[in-house]
Amino acid sequence: MAKYRLNINTKKLDVEVDEGTSLLWVLREHLGLTGTKFGCGISQCGACTIHVDGQPMRSCLLPVDDFVNGQKITTIEGLSEGGNHPVQKAWIEAQAPQCGYCQSGQIMQAVALLEENPNPTREEIKVYMNGNLCRCGTYMRILDAIELASKNITESV
Amino acid sequence: MNVDRSISRRKFLKSSSGAMLFIGASGLLPMVVSCTNEKEIQKQLKKHQLTAWVQISEDGHITIYNPAAEMGQGSMTALPVLFAEEMDADWSMVSVEFSPQEASVYGSIAWNPNTKVLITAGSRATKGYYPVMRKAGAQARYALMHTAAMHWAVPRTELATDQGFVIHEKEGEKISYGALVPFLEIPENIPDFTEEQLKDPEKYRLVGKHMPRVEIPSKVDGSAKFAIDIRLPNMVYGVLERGNLHGAKPTLQNKADILVLDGVLKVVPFNYAVGIVASTLEQALAAKKQLKIDWSDAPPTGFNSQEAYIDYGKIASKSAKGKIIFDIGNVQKAWKSASKTYSIDFKNDYVYHAQMEPLNSVVKVAEDLQSAEVWVGSQQGGDGKVGVPQALGIPANKVNVHLQYLGGGFGRRSMTDFVTECALLAKEMAPLPVKLIWTREDDVTYGAYRPLTLQRLKASTDQKGRISGFSHCVVGDGGNLAASGIWNDYYDIPNQFAEWRETSHGIRLKHWRSVGHAPNKFAIECMLDEIAMDHGVDPVALRRKLMVKAPRALATLEKAAEISKWDETSIEGRAKGVAFLQRSGTLSTGICEISVNRQTGKIKVHHFWSALDAGVVVQPDNVKAQMEGGILMGMGSVLKEQITIVDGRIQQSNYHDYQLLRMEDIPESVETVIIESTESPQGVGESGTPLVAGAIANAFFSLTGKRLRHLPFTPDRVLEVLNS
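Going down the list, the sequences are from chains A and B.
For the first sequence, the positions run 1 to 157 when this note's numbering is used.
For the second sequence, the positions run 1 to 724 when this note's numbering is used.
Hints were generated in silico from the structure; no laboratory data involved.
Any given hint could turn out to be false.
To be verified - With a Cα cut of at most 20 Å, we get these calculated PhoX-like pairs of lysine-lysine:
id	chain 1	residue 1	chain 2	residue 2
1	B	K427	A	K126
2	A	K126	B	K209
3	A	K72	A	K3
4	A	K72	A	K12
5	B	K602	A	K126
With these hints in hand, go ahead and build the complete structure from the sequences.
Here it is, written out as C-alpha cells:
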C-alpha cells in the first residue's frame, strides 16, 4: 500500500492503494467517481476515457503511480456543473444514449475532439471516435450530437 | 376485498395526515393508501399486500413506477407514459422509479395471461404492459375524480380531467391532483377498466409524441447507477476463474499460496470455477492471475466449431426428421410437380453478446444467512428474485432486489448465473457485502452464445415461376435458440415445412438479440433472392406477390422500396438488397446499399432504410433509435463478429479479437419510417438486427453475382467468394 495525492476535478484527493493500481479502479472503487466505466481493461473500448491535462486517455491502463505530479485529471463528474457542457446538452438533444454505459467515455472523447478541432468533418469525427465502442449502436446519434455541439460551440464564439 | 381488510385500511387512512397518496391496483381490486411516513406506507403495503404504481405529493409531484428493466430500450419512459396518458397527468410533474421487484404485483402478462412474471426480454415490455399500465393509470384517475366528487359533493359523472386537474365544468371548479391529496377518499370499488373504457388512441396526448427519455440526463453526466457502480460500507470484492472450456472442473494447485496474497480473504470452490474474495478489486484480480488450476475434460472437449459444419451437413442429409416446427400443405408433392427445385445451405458461426457493462452484481447476505439484499442489472426472470432464493435456500420474500440500469442486456442478462455466483460468495462472507465483477475476458470466454447452425433450405417453383414449396431444416444446439424465426407466415407459399435437428456440444448458449431470427431470416431472404434472380424477377416484385394476403407486411415493403428509391439504379459500384421479417409481432422491411472493396474484401454499407409496422408506437423517436441501434448491432454481427472453438476451448477473449462495429464502419444514413397504426403495440427492440444479413447478402449478390452464405461476412470470406 502507498499513499497518493491526486488532482481530480480540481480537487486534491488522497488515496491509499497498492502500487500500480490502475487509475480506473482508484477513481471508481476508492474515490466513488463511478461515472467512468470499466469495459475491457485493455484500452480497446474507451468506456474508461478521462482527460489528463486535457488529453483523452484510457484510465484502465494508467497506473496511479504516474499521476502524483499534480496532473489535472478530469472525469465526467468534473466536466461541467450540472451536466451543462455543450457536448452533454447536444447529447440530450440528440437522445444519443441507449443503455448509457459507454456514454461517459464517448462524451469525454468528443469533448477532447472539439477542444482540439471545434469544427471537425464527419470523417474526422469518425477517426477520432473510432476507439470508443458502443454495443447498442448509437453511433449515428453520437455523430449527430457532436455535429450539433460543434455548431453550438462555433456559433457562440 | 374482504370486509376486515377494508376496515383496517380505513383506520389506517384516518390515522394518517395524507401528505402522500399511493394508488395501486392489486389484481382486480384497486386500493388507495395515504400517509406521510414512507416507512409506514411500506409496512402497510406489505401488510395488506397492496400494490403501488404511483405516488402523488401535495405539491403535485407524481412518481410512477416502471416495472421493467431499462437497458437502453426505453421502458423507463414508455411504460410511465402509458400510465400518465390514462391518468391524465401533467408529464412535467412526473418522475420515474423502478418498481419493487415483486412479480405478483408488477409482473407482465405478456408470457402467460394467468401468471405475472418480471422478465424484460423478447421485446415484450411495451406489448405486455400496454393493457396493464393504461388500466392502472385509468384507475388512478378514477380515484382522484372520486375524491374530487366527494370534496365538492357533486356526482363524479359530472367531472372531467385535464392534464393534472379535475374539472367540474358546470360550476366552473378546477382543482389540481396535488391539491386533492389532503381530501383523499377511497372509492369502495374502482372499475376494472375494459379496453373500450380506456382512452381512444386518437386522443392520445403523450403516446406517439416526441417524449425525451427520462433517464438520459443521468446518462450524460455520469450519475446513472449501474450495478457495477454500487459501493457499500465494508464491501469486499469477488472474482472467479472459469477457464475457457465450458463445464471443465478445476483442481486448484496452489490454494495456500493464494490465501497469503495481499488482501485475499477467502478462496471459494465452485464445480466449474475457483472464486476469490479480497479486500479490494485490484487485490482480487491480482490473486486471480496467480491461480494454478488443472482443468478436467468436459463435454466440449474435442469440439472444433469450424469443422462442425461437415457433421451438420450430414445430419441435414439424414432421412429421419427432427422436431417439426410446422408442416403446411405437402412439400413432397410440390417437389414432384416442380418445374425447378433449389437446395442451398447457409451457415452461421457463434456470436457473443458483448454488452458493454461486464456482468456483475452486489449481494449482502444477513449474518443469520436467512435474508439477502441484491443490487443487479438484470432482465429479471420469473419472480424477479434473480435466482438468489434458490442459491441461498431461503424464501423469495427474504430476498430484496434493487434493480439498477443495465449496461446492455441483449439476452445475456436474462441469465442469472452471475448473480448466483455473487450470492454464494456473499454467503461465505456474510454479513459483508460482496461485489462480483466479471472481467471482459470472463465475459467473453464464459459467454453464452447464439448457437452455430447450418440451415438447409429447399424450394420449388411451378411452371408459372411461382414458389410452390419451401422447406427449412435448421441443424444446431439450443432448440428455439436455433429455430426461432424459421416460420414464414407472411409469404403466400402453399406448401411449407420446417424442422429443427438437434446437436449438442456442451457450449453455453443463450438468447442473443432476435435469437434465431437473424440466421433464419438471412437464409430465407437469401433463398428468395436466389429464386428471384434465377427467374429474372426483381426481388421486391417477388416479395410483393408473396405478400398478396398480408397487406400490413406489404405496406412495409412498399414504404421501404419508396424511401430507398429501390427502382432507381445505384451509382456504379453499389447495389441494393432487401429483406423482410416479422419479429415479436412487428413487421419490418430493410433495404441497404453497399459497395465492396475487391482488394480487401471489405463490405461497406452506405445506407440502410427500414419501414416497420409495430402497431401503436408509444415513443416514435425511441422506436427509431431501436431500429438504428439494432441495425448497427446487426452490421457488427454480420460483418465482423465470430466466436470460434478449438478442442472445446473458446478462442476469443476481449475486444481485440472479438471485433465489434466501430464508428469507421457506420453507414452514411440509417433511415426508419414508422407506419401509423392503432393496433396493439408490438416489440421493436429486435426488429432491426435480423434484417441486416439478408439485406447485405442480397445486395452483394446483386452487385457481384456471388453468394455469401456463411455468417459473418469477414473480408477473408468475402475474398474467397469473390475469387470462387
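| message | What's the verdict on A/K72 and A/K3, does the C-alpha distance respect the 20 Å limit or exceed it? | response | Satisfied, since the Cα-Cα distance of roughly 18 Å is no more than 20 Å.
| field | Pairwise hint evaluation, A/K12 against A/K72, where the allowed Cα distance is 20 Å at most | value | holds (10 Å)
| task | Take a quick look at whether A/K126 and B/K209 sit within 20 Å of each other, Cα to Cα. | result | Violated - the C-alpha atoms of B/K209 and A/K126 are around 31 Å apart, more than 20 Å.
| said: Run the distance test for B/K427 versus A/K126: straight-line Cα separation, threshold 20 Å. | reply: With Cα atoms ~47 Å apart, B/K427 and A/K126 exceed 20 Å; violated.
| request: Below or equal to 20 Å on CA atoms is what counts here, so check B/K602 against A/K126. | output: Holds, at roughly 17 Å.
Checked against the numbered hints given earlier, this structure breaks hints 1 and 2; the rest are met.
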